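Engineer: Position chain A against the provided structure of chain W, taking the given hints into account.
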Amino acid sequence: MTGHRLFWPAAALVALLLGNLVVSPRFFAIEIRDGHLYGNLIDILRNGSPLILIAVGMTLVVATRGIDLSVGAVVAVSGAVACVQLGSATVLVAVAMALGLCLVLGAWNGWLVAGLKIQPIVATLILMVAGRGLAQLITGGQIVTVSSGPFLAIAGGYLLTLPLSFLIAMAVYALTSLVVRRSALGLLLESVGGNPEASRLSGLRSGRLVWLCYVFSGLCAGIAGLIISSNVTGADGNNAGLWMELDAILAVVIGGTQLTGGRFSLGGTVIGALLIQTLTTTVYALGIPSQETLLFKAIVVTAVCLAQSPAFRAKLVKRRRRNESTTAPTEPAKVEVSP
Amino acid sequence: MTALSVRVRSYRPQRRHLPVLGALAVLVGAYGFGAVRYPAFGSGQVVLDIFIDHAFLLVVAVGATFVILTGGIDLSVGSVAALSTMASADLLQHRGWPAYAVIPMVLVLGAALGCAMGLVIHHFEIQPFIVTLAGMFLARGLCYTISTESISITDDTYTTMAQTPIPLGAGLHVSPSVVIALVVVAIAGHVLHFTRFGRTVYAVGGSERSALLMGLTVARTKVAVYTISGLCSALGGVLMAFYTLSADPLGAVGMELDAIAAVVIGGTILTGGSGYVLGTVLGVLVLGIIQTLITFDGTLSSWWTRIVIGALLFVFIALQRLIARRSR
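So the protein lines, in turn, are chains W and A.
So in our numbering the end of the first sequence lands on 339, straight run, no missing numbers.
So in our numbering the end of the second sequence lands on 667, straight run, no missing numbers.
Check the hints yourself; a few may be wrong.
To be verified - FRET-style restraints, in silico, Cβ to Cβ:
no., chain 1, residue 1, chain 2, residue 2, range
1, A, R548, W, P310, 17 to 27 Å
2, A, R559, W, T161, 58 to 68 Å
3, W, P310, A, L551, 12 to 22 Å
None of these hints come from the bench; they were simulated from the model.
Quantities reported herein were computed from a predicted structural model and do not represent experimental measurements.
Where a beta carbon is used, it is the ideal one built from N, C-alpha and C, also for glycine.
Isolated chain A (complex conformation):
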């Protein structure tokens, strides 16, 4: 009898998985809807194109997931990504640096910016919101200092990365950026779920005080998540340069919103302590599929994307509230 009830219960999804399953349901639903309405939508390449078009957002959102899991927020991701794109373009085109030196350089730059913000947030006890806001202004300002006009990138390594398709058979292909993004997702998933650092991230998000009293390295963890977010933003910027082969000081405006929206839709709770990297991947795909659906429709104007994303945000946040209230 007990064994039976345990077995029956084990088929029900865990409550903390519900938001992720919700995102999955929306994704499958939207894909099914598209596949029924538009025959071309059903082809696998459409799904792969979502990955190709949103590889950089995926990387940035993975970084944001770390920060949000600790209960913080990083508003600087879009600007740091744009700065990394601008810096790469400037170093490659105007200073003649080789690509193998430029990429590590901008990654270090992004990580250093993130680290500096983390240090200020932790040691001076200023709210993450305001510190990363200043970081956002700083990075965007630096973009303009580099150049006020967009720079196109003609470097061989970058063009190769942009134009080499990786065939998957059956006429399907992805770009190298997608592979990089998926590797980042895999590493992030491993770090969050199978390392001591990952457990500390969840613990800090659950309750910073408790984590501190347990003797966990709260300071190091908090600084580290912002460093990771900065690193991921910079990598996102590099992938963006691969994707567009140009750098625009106004690039990635509003990307922080997309990243946060993706993280929230993916079921990570903004107060921290609960969420999955896989959820963020689903969140990015949901954003991508909405854009693709609206493009396929043709009669809907582009601004419907924002309205639908807003509505989805509302539904998912309300769902999270409902689950949180029930479990209490």
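Just chain W, with the same shape it has in the complex:
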């Protein structure tokens, strides 16, 4: 049971939720208001959906041994394009243009990584730096607000009593896992991540696969950007999606996907993203100053990474054995606490 790769992230999520229940018994309460569900848990799903989207895209990139640092900037660009276009175009056109540009940005990242063979961290760093400049260029350095009803429904709307944004995130997740796990694509991705050169030699077009992953990641970030800008009813080139890339990478890592590539778990990523969102909500619910979320995140990342590190487990086991072999253990097994 504990050997299952989703066990630890899921256990952490459940523990965090139960902790909340102990502190505030009404935490799990869900009621129907204005014809849709309402409560803390629904809030977590609603506010967590952009992160789920980005993290799902990031998972595929990480599976190919890559990383996409530019997602936060792409979120800002997507929101900027949509909000500026809404001034003159219909919602559909604006959304299409925003997503189109995000596909182009993803293709650019993919070309740098797969075509020019630049290290992913560096290749996507370029867009991470330039992307926010681009977003501000599009909005003219201002915060563009929107009031279009259909656009605001992306984040604020409900379908079948559930938040629309969460349904969008779940649809993308379901579609991705269907395509990845019901076809050979997932296996090919793991093969490329495990050993790109060997995969290429055995006849895989690894370059194209890697490129596709970055395009997909760009698209996911684009959709998340639409949700975020719809949620705040405007586009802010400076702050939209700030630190999103780090949260997404965190979600991927917590979900059990190794940054060294090869194996990935989309379900784990969704749990990881929900865990991060629950953490944020918990911090609010406990009345801790919201800025201290970062401290909590640091502790959680450290704990999860240590738990996943084979070297750390090996050292812990060795020390425990040593203690058991001596009759009087003078020193209890210490767990290293470091940032």
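Structural biologist: Below, chain A alone, put in the same frame as chain W:
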């Protein structure tokens, strides 16, 4: 004949120097462009102002160079710098510590944070990216724990350091921070090129396995570079406090990006093993001169800085790829 060909070849720059020379060319080109377009740009003080405005970034980037030379990455530098600024301000203003106790204290704090990250990275084999990310969250979180509002510093030593110009003659001057930054650069250059530790840093970056098989002290070196990076970030934070005479928990956000960009533009290869501290200095100056050019222009908005830096990053990285491919 052979002597002649050797002599002719010796005039060509070495391939590994090309990225640094590229950064130098961009720097000279940008300065020449500015000097021709804006008469005031040509004055020496503009160049010195770039040093004054970016002294702290220079120190932080020098620390990042050590880490990147070993093939690692340190995302925590900006937060650690901000933490060191916040801690100094808090100790000085709220706890009444004297400056001569505060500065060593925060330097030790930064070094200890870096050392802890290095230990986790090496001994638990977790990727530097994720460990320093956690470090970044931790340091930023600690900033907020100290105070959520900015603190202004009124300590005498700090104000003296901030406001005493060091005259260079002909009406030019620099700040004491610039001198400190240049001393750091000199020490770093000496350590990297003339000590056994420096050679080990390059060796670990070239191939950690080979370095290990050669019997080099890989573990000690890896932990040491993160400690150095933490120390440099903390010193950068102190210089930032000298520069702004205040501490903001949101200060130095994104500085890790600037530091990495400066290191890359300066020709250090992110996979490790190749690069120079002098290149990093040029990288910081290139970032500085772009900002100054955009300020001088007046019609360009501030966000062009980021776009130009992004474009420059692309050009330099593509150049590095080209050189790496040729030499193979």
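Engineer: Each of the hints needs a verdict: does it hold here or not?
Structural biologist: Verification of the supplied hints:
1. A:R548 - W:P310: 17 to 27 Å: holds (18 Å)
2. A:R559 - W:T161: 58 to 68 Å: Given about 60 Å between the Cβ atoms, the range holds.
3. W:P310 - A:L551: 12 to 22 Å: Because 18 Å falls inside the window, the suggested range holds.
Of the numbered hints listed earlier, not one is contradicted by the structure.
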